[in-house]
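Note that the protein sequences, when read in sequence, are chains S and Y.
Throughout the first sequence, residue numbering follows the working numbering, covering 9 to 436 in sequence.
Throughout the second sequence, residue numbering follows the working numbering, covering 9 to 436 in sequence.
Read the hints as simulated data drawn from the structure, not as lab findings.
From a predicted model like this one, the values you see are computed outputs, not experimental measurements.
Just so you know, even glycine gets a beta-carbon here, dropped at the ideal spot from N, CA and C.
Just to be clear, a hint being listed does not mean it is correct.
Quick look at which bits of chain S chain Y covers, simulated, 3 or more residues with Cβ under 8 angstroms [stated by the list, open to error]: (1) 227-237; (2) 347-358.
Simulated restraints, written as ranges between beta carbons of each label pair [to be verified]: (3) Asp103/S x Phe233/Y: 47 to 57 angstroms; (4) Glu31/S x Asp282/Y: 49 to 59 angstroms; (5) Ala71/Y x Asp79/S: 13 to 23 angstroms; (6) Glu406/Y x Asp323/S: 26 to 36 angstroms; (7) Glu406/S x Ser231/Y: 35 to 45 angstroms; (8) Thr309/Y x Phe233/S: 43 to 53 angstroms; (9) Gly157/S x Gly361/Y: 33 to 43 angstroms; (10) Gly339/Y x Glu159/S: 51 to 61 angstroms; (11) Asp429/S x Ala226/Y: 32 to 42 angstroms.
Straight-line alpha carbon distances no greater than 25 angstroms define the calculated SDA-like cross-link-like pairs of lysine to any residue that follow [unchecked claim]: (12) Lys430/S x Gly418/S; (13) Lys409/Y x Val158/S; (14) Lys409/Y x Glu436/Y; (15) Lys430/Y x Gly418/S; (16) Lys430/S x Lys430/Y; (17) Lys409/S x Gly361/Y; (18) Lys430/S x Ala360/Y; (19) Lys430/S x Thr420/S; (20) Lys409/Y x Glu31/Y; (21) Lys409/S x Ser335/Y; (22) Lys430/Y x Ala28/S; (23) Lys409/Y x Gly283/Y; (24) Lys409/Y x Asp282/Y; (25) Lys409/Y x Ala114/Y; (26) Lys430/S x Arg317/Y; (27) Lys409/S x Phe53/S; (28) Lys430/S x Ala114/Y; (29) Lys430/S x Gly361/Y; (30) Lys430/S x Gly14/Y; (31) Lys409/S x Asp429/S; (32) Lys430/Y x Ala340/S.
Protein chains: 2
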Amino acid sequence: MNVDFGNALASEATLGVSGASLERLDERVAAIHDRIETGIEDREFGYASLALPDDTDPEAIEAAVDDFDPDAVLTVGIGGSALGAETITAALGVDGHYTLDNVDPARTRGLLDELPLESTLVNVVSKSGTTAETLANFLVVREAMARAGVEWADRTVVTTGESGPLRELADEHDLPTCPVPDGVPGRFSVLSPVGLVPAAAFGCDIESVLDGGAAGRASLEPSLFECPAYAYGAVAYALEGRGATTNAFVPYAEALEPLAEWFAQLWAESLGKDGLGQTPVRALGATDQHSQLQLYRAGRTDKLVTLLRPHERVDVPIPETGVESLSYLGGATLGELLDAEFEATEASLAAAGQANVRLEIDRLDGESVGRLLYELEAACILVGELSGVETFTQPAVEWGKRAARGLLGGGTFEEAEAVDDKTVRRVE
Amino acid sequence: MNVDFGNALASEATLGVSGASLERLDERVAAIHDRIETGIEDREFGYASLALPDDTDPEAIEAAVDDFDPDAVLTVGIGGSALGAETITAALGVDGHYTLDNVDPARTRGLLDELPLESTLVNVVSKSGTTAETLANFLVVREAMARAGVEWADRTVVTTGESGPLRELADEHDLPTCPVPDGVPGRFSVLSPVGLVPAAAFGCDIESVLDGGAAGRASLEPSLFECPAYAYGAVAYALEGRGATTNAFVPYAEALEPLAEWFAQLWAESLGKDGLGQTPVRALGATDQHSQLQLYRAGRTDKLVTLLRPHERVDVPIPETGVESLSYLGGATLGELLDAEFEATEASLAAAGQANVRLEIDRLDGESVGRLLYELEAACILVGELSGVETFTQPAVEWGKRAARGLLGGGTFEEAEAVDDKTVRRVE
């Protein structure tokens, strides 16, 4: 990606960072770069994520799905086991990838009623093989396939760790499997089978995605002024310290909307700890100009707005119209209108002193998207190191998991008892 | 809706509000209630929104779409001209409602290629009739219909103001039209034709939605302790003042995901001004427990988390499994798992001192959803009055509109010149 942080400088933005501050910050970036490089080379927990472009075997993934020619792929996973795969197929413009990443009965039932189960590939993803939402949905999916007269074991691929119930199930039924790589938290696993199986099942060129990741790997340099990933991370960190506690991530491409959700998990779960962390806000250009821009421009000065767009697009001309007040639209294209709105929004925020950063990729193809994903991960890891948090863990999620399990009779947990003690103050 | 703000009290949450503070705040609520009632009765600008359940004529809407029996409805609109209509059809479980609310060429082209244009009803919505994104898309849609051999004028319904290009076009071609009500900003127009036309075209009972709105109207009382809408608004306001500058709005129902987007516009565009306003964050339960919960629990203490669920759901049993570590799931239902996660998350936030509020509706039907929409609007208006902002305007959006228009050659605007002066600091 290219990064332009001109509108995040102190000369432009109320919370902006001065050139001298960035120079000083760059000394820390150089030291952290060494730390990250060592972590990658030694495949340390978390840092191993940045080795995935090398470590992932695309041929093994392709072999796992080679026997299927699905009309639809149904990914059953949640969080990092779903968002990366959704991000890649959406960015590549693939139709037919559906996800069960919630336990809303209406959604699960509705989707299973709609899908052609006889030509659907079920892609079940859980590192531990025990994720409650994923396994509950998978049990319902299996039953629906049986009812439809489809042999589930003939149409299921499993991505899981080396042991656990899903691994045992796969062994028992001789299912094709892909590994969840060691040392890689779910939200950093997009460049592994966790993110690539559905795209491979549709025949996408997943090697190009990994090539993009490798290009991201090659772009890591020990200076924020030389490395787009570190430039973005360092500026985001500097602005957070100055009060930008929110990071509104706004792609100007519908196909990148899942990427904004993927980014939100990456940022929130990696950096939201010890009382720190920007709150990621998912938005979409140009749509949310008619929803969120009022707030971004005139609300609290507590935001970094990250604007993302591809340089090149397949475009659609706007037909001419005889209506005078609309004649300026005729002869332009939808893409030109979208780009004009991108630049107008960026300037509009700058004119109000609201910090923003521009990220650009060449186009929506495997290489550009693979590189973008890699660079955003590297940016996040840099912020984690600068902030001094444990980037690769998510301890605060465990409390609720134990409480939910206890409520469902899956054991005795004191967290479940706390649920009954809720303070109620009801207005009806 | 029912509101339970027990977990937003000072006894439970770091940013929580004391009972004594709420008592004092209630005196202001009573005065503001009188102001709002006067505004409603006099149909003052903005306040007229809360008169819509009475003022909207469902039969006129039904008559406008009576001649169509569409397989799909394509709403062409943006912001408040799209989000309300999407919210209602999604909440009612209608399939087949599509929206062009962006000018992404790939999305517009892809959707037009996919839709059965000969049996699609095009629903174009713009109060002024000049909204650039909407009119550009509509011109492209008309051309696509012509190419497909479909007479666009036979399959288009227009919702617009009393004058402007869309009104003229409708008159010229004798199209069925619905009015955009006077005195109602787009984000408050969901209980008018702007929000109801697509649902009516699919034969939904839109009168029940308006009945729900009327029930919301009847529920307005001059005390936050007696009125759910004011309870939610007053608590949100009190917490914003104590540092909850973010409002994470988390429905536990996939069908309410568009409602979270609708809420985000309502909150951001109404309250994001004069350096005030909570940043609305759209999330979805239980999915985002695996994405955002780490941050909500252990990140900055600057959030109100609003948890929303329906009491009753159509449910799906989870099949039994022989796997011991998963046996607690068998015999439960997806809905029970979702509810357990809702309560676990609520308790998990409370145990960490993170303020949260529970909103509940009876079920996903027209009456409950209509009432919820009305009450959230009333809550928003209360917050605007308490904050002293101009709830019903969105002045900060205009700058960018003029810049974009200038960039496209639609006139000379100094804002467009500012775009060329951008400070560039690029890392490639």
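Outcome of the hint check:
no. : hint                                    : verdict
1   : 227-237                                 : holds (count 5)
2   : 347-358                                 : holds (count 9)
3   : Asp103/S x Phe233/Y: 47 to 57 angstroms : holds, 51 angstroms
4   : Glu31/S x Asp282/Y: 49 to 59 angstroms  : violated, 36 angstroms
5   : Ala71/Y x Asp79/S: 13 to 23 angstroms   : violated, 41 angstroms
6   : Glu406/Y x Asp323/S: 26 to 36 angstroms : holds, 27 angstroms
7   : Glu406/S x Ser231/Y: 35 to 45 angstroms : holds, 40 angstroms
8   : Thr309/Y x Phe233/S: 43 to 53 angstroms : violated, 35 angstroms
9   : Gly157/S x Gly361/Y: 33 to 43 angstroms : violated, 53 angstroms
10  : Gly339/Y x Glu159/S: 51 to 61 angstroms : violated, 25 angstroms
11  : Asp429/S x Ala226/Y: 32 to 42 angstroms : holds, 34 angstroms
12  : Lys430/S x Gly418/S                     : holds, 21 angstroms
13  : Lys409/Y x Val158/S                     : violated, 53 angstroms
14  : Lys409/Y x Glu436/Y                     : violated, 30 angstroms
15  : Lys430/Y x Gly418/S                     : violated, 58 angstroms
16  : Lys430/S x Lys430/Y                     : violated, 52 angstroms
17  : Lys409/S x Gly361/Y                     : holds, 18 angstroms
18  : Lys430/S x Ala360/Y                     : holds, 13 angstroms
19  : Lys430/S x Thr420/S                     : holds, 18 angstroms
20  : Lys409/Y x Glu31/Y                      : violated, 43 angstroms
21  : Lys409/S x Ser335/Y                     : holds, 16 angstroms
22  : Lys430/Y x Ala28/S                      : holds, 21 angstroms
23  : Lys409/Y x Gly283/Y                     : holds, 21 angstroms
24  : Lys409/Y x Asp282/Y                     : holds, 20 angstroms
25  : Lys409/Y x Ala114/Y                     : holds, 22 angstroms
26  : Lys430/S x Arg317/Y                     : holds, 17 angstroms
27  : Lys409/S x Phe53/S                      : holds, 23 angstroms
28  : Lys430/S x Ala114/Y                     : violated, 48 angstroms
29  : Lys430/S x Gly361/Y                     : holds, 12 angstroms
30  : Lys430/S x Gly14/Y                      : holds, 8 angstroms
31  : Lys409/S x Asp429/S                     : holds, 17 angstroms
32  : Lys430/Y x Ala340/S                     : holds, 23 angstroms
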